[in-house]
Amino acid sequence: MALLEVNDIHAYYGNIHALKGVSLTVEKGEIVSLIGGNGAGKTTTLRTICGLLHPRGGNIQFDGEDLSRIPAHHLVGKGIAMVPEGRGIFAKLTVLANLELGAYTRNDKEGINEDLEKVFHLFPRLAERRTQVAGTLSGGEQQMLAMGRAMMSRPRLLLMDEPSMGLAPVLVDLIFATITDINKTGTTILLVEQNAHKALQVASRGYVLQTGEIRLSDTAVALQNNAEVRNLYLGIE
Amino acid sequence: MAHMAMMNKTDEAKFDGRALVKFGLLAGVVATYVAVIGMIATFSQRQVVAGLLTLGQVLLVAPPLGMAYFSARKMAGESGGKILAAGASIGLLTTLPLIGLIILANNTNIRIMFVNISPQLVNILTFGQDSVFVGVLLLLVVLALASVAGAGLTLLPARWRQALVMGVASTLGIALMSELFVVILRERLGNNFVRLFFQSGVMRWYTAVGIFLIAFGFTLFWQWRGTQMRGRLQQFTAPRQKQVRWSGAGISGIILLILPWALGTFLSEVLNNVGLYILMGLGLNIAVGLAGLLDLGYVTNFAVGAYVTAVLTTTSQYGLGPIPFWLVIPIALLAAMLTGFVFALPVLRMRGDYLAIATLGFGEIIRVLVLSDWLASRIGGPQGILALQNPSIGNFFFARPEHFYYIILVACLAMLFVSVRLNNSRTGRQWMALREDEDVAAAMGIDTILTKLLAFTLSAAAGGVAGAIFAAKLGTVFPQSFNLFVSINVLSIIIIGGMGSIPGIVLGAFLLIGAPELLREFQEYRLLIYGALLIVVMLRRPEGLWPSATRRRELQDAMDLTSHLGVVHSEVISHGQSANPSRMD
Chain A
1 MALLEVNDIH AYYGNIHALK GVSLTVEKGE IVSLIGGNGA GKTTTLRTIC
51 GLLHPRGGNI QFDGEDLSRI PAHHLVGKGI AMVPEGRGIF AKLTVLANLE
101 LGAYTRNDKE GINEDLEKVF HLFPRLAERR TQVAGTLSGG EQQMLAMGRA
151 MMSRPRLLLM DEPSMGLAPV LVDLIFATIT DINKTGTTIL LVEQNAHKAL
201 QVASRGYVLQ TGEIRLSDTA VALQNNAEVR NLYLGIE
Chain B
1 MAHMAMMNKT DEAKFDGRAL VKFGLLAGVV ATYVAVIGMI ATFSQRQVVA
51 GLLTLGQVLL VAPPLGMAYF SARKMAGESG GKILAAGASI GLLTTLPLIG
101 LIILANNTNI RIMFVNISPQ LVNILTFGQD SVFVGVLLLL VVLALASVAG
151 AGLTLLPARW RQALVMGVAS TLGIALMSEL FVVILRERLG NNFVRLFFQS
201 GVMRWYTAVG IFLIAFGFTL FWQWRGTQMR GRLQQFTAPR QKQVRWSGAG
251 ISGIILLILP WALGTFLSEV LNNVGLYILM GLGLNIAVGL AGLLDLGYVT
301 NFAVGAYVTA VLTTTSQYGL GPIPFWLVIP IALLAAMLTG FVFALPVLRM
351 RGDYLAIATL GFGEIIRVLV LSDWLASRIG GPQGILALQN PSIGNFFFAR
401 PEHFYYIILV ACLAMLFVSV RLNNSRTGRQ WMALREDEDV AAAMGIDTIL
451 TKLLAFTLSA AAGGVAGAIF AAKLGTVFPQ SFNLFVSINV LSIIIIGGMG
501 SIPGIVLGAF LLIGAPELLR EFQEYRLLIY GALLIVVMLR RPEGLWPSAT
551 RRRELQDAMD LTSHLGVVHS EVISHGQSAN PSRMD
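As they're listed, the protein sequences go chains A and B. Residues in the first sequence are numbered consecutively from 1, following the numbering used here. Residues in the second sequence are numbered consecutively from 1, following the numbering used here.
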């Protein structure tokens, strides 16, 4: 059974039908990329999975449990963590406080410290700046902080929303390398990206979302070679 | 680094002749404005130094002096002569509108429209000279000198500047409260002693000079030895450090205990009001400062606490008791918490501005309710509730301000303790996360609904206790006491003191509640000064006068990013590493 199974979900903002029956699966240990243009519903899909938005139709199964009606703050404990779009760090708190908030639902002090060391090992920049206020970090460092913070809850499934947004190319490479590293330690990742090229390079499978519907789904390699994807999302004639 | 330096240069507006004229005239407009609305004339009735300097004159030179200081700071790096010259021109420009005002007042009957442009005002502006020409010249010279002094301040090394400012501020501060000092000193040391240093309640010139020199010298000394002394304290062994700290706390404790008897009835009453506002400030800080929930209806909790206390302790026909005050406090606290909880329910989904407007409405609802005929049979309507029983322990009755001081002190200390603990707690973190980003907080596993309810409820509790003590202290409760200004006062204290900063709130309460009590004759300008203070603080020190450690670090980090000065850079870094959040720079 898949770790995450999204079955035909419909989500609305007021009367706007944002997701029109999205289905996708993420197997344990995979990186799955969800690509698509502006307004395709990528972020809405993630928000629905992590409980910030509840679907009006369809259901979401995580490890065999239905998540569709569970409020967001209960999902962290179940093993889902989110790296929000635009990083969403707590700008006025220190780096350390941000990371500690990532472990908010946990009580095992030793485990938390262990994970803190892991995050600092993964992102040495954060270790240097642990007492600095997060809002004064650079964009790349903020993205690292958002990822580190999500890791602090020891998630089984990590949802990432546009980690490459607004970053310099060299930093984008670094972030994607780290995504692969995180995945290698056993964390399953669902990645939403506009940078389709990068997203399909690290992923094993991918979905193409268009105006609230899944347009294509295939292995990442196949999608990279798909004429339509190459044309529309990879900018290759 | 080079990249940042470049950014900084384009970022900073060039300070040129046009800016100079703008700032000079701005200072002139401010000075003219305070003259036209009568502030200068009113303030002139208060002398700072006997026969030499009035508060009105201080008010007159303050705008050019301040403006010259800020302008000169923007010119940092220019030659000293240039900076002083710029200062002088700001002073001269300031005089222009004032000269216009003098000419207008002497030649037309402008008083029909502006009552305050009186011959007396002209007399003040021309320093009492018979010839207007000589007077205007004198005004020019004085304002030019003041702004040269203001600009010159930036040329001094920081430690001398700090010492000078401390000296002047202490002298002015003591001068403003000189009448009270005279009363206290006369009781303790006799009339002759007082007359030696004061002339009918005003400092003699050598007193002023003495105070200035003491404050000046002390500041210099502290800068010279202070770091050393602190360093030595840190070298002490842990138990020895603890000893020093405990003895410090002990001395402060004793001072706090004997304070009302040293200060007398009037000042105790002032302290009591300050204390009640500290209590409310700390309470509202939970909602506004920590959880970021802008609550403009804090008076609600204050009113609930007061009316619950009134109904339960009065001997009049509205009374349900009377029951002892000590039992009423927890009841008032719970009632306020319940109110906070119930009022929070409908606004749980609101954010920012919408929340502020909704809570503003709650404040008005309470005001209308306590005035209403509907409840008049229970809580007296516009007549209020009279004859509250004084709190008592055995045969001792709390009746005088000096007595209530201790109740308020205990409440404040308790609230301080709770605030400090909350600040560093898991709950505090929860609130801060909520303040920063509600969605992300939820995604971190924080139950935002519960967290908000908790913030509103705990915040309300302090207001309830403050209301209860307020009612008992007055012995009566009138609906007029529970208006929007209570909410505004509490919020201003937090903003001016420093959002989320506990020492900032204490400072803010003394400044906004204590100082006006001591300057009652200027009551009519109170809100104007409030407004001006808020604007200046928001522009010059948006983090508040005494910001919390994190806020300060944040601003310093920001400075670190934009500064191209190596010196500032290293200072910031060393500060960021020192774990001493309780000290203000």
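If you're looking for bench data, these hints aren't it; they were derived computationally from the structure. Note that the Cβ used here is the ideal one computed from N, Cα and C, for glycine as well. One or more hints might be untrue.
[To be verified] So the derived label-pair ranges between C-beta atoms look like this: (1) GLY86(A) to PRO542(B): 49 to 59 angstroms; (2) ASN107(A) to ILE488(B): 34 to 44 angstroms; (3) GLY264(B) to GLY86(A): 53 to 63 angstroms; (4) GLY86(A) to LEU453(B): 26 to 36 angstroms; (5) LEU233(B) to HIS197(A): 52 to 62 angstroms; (6) GLY86(A) to ARG18(B): 47 to 57 angstroms; (7) ILE251(B) to GLU114(A): 49 to 59 angstroms.
Do the hints match the structure? See the list:
Here the CB-CB span from GLY86(A) to PRO542(B) is close to 23 angstroms, at odds with the stated 49 to 59 angstroms. At about 42 angstroms, the beta-carbon gap between ASN107(A) and ILE488(B) stays in the expected band of 34 to 44 angstroms. The given range of 53 to 63 angstroms is respected by GLY264(B) and GLY86(A), whose C-beta atoms sit roughly 58 angstroms from each other. The beta-carbon spacing between GLY86(A) and LEU453(B), approximately 28 angstroms, falls within the hinted interval of 26 to 36 angstroms.
Restraint check, LEU233(B) to HIS197(A): a C-beta distance of roughly 59 angstroms satisfies the suggested window 52 to 62 angstroms. At about 39 angstroms, the beta-carbon gap between GLY86(A) and ARG18(B) misses the expected band of 47 to 57 angstroms. Here the CB-CB span from ILE251(B) to GLU114(A) is close to 45 angstroms, at odds with the stated 49 to 59 angstroms.
In this structure, the earlier hints numbered 1, 6, 7 are contradicted, and the remaining ones agree with it.
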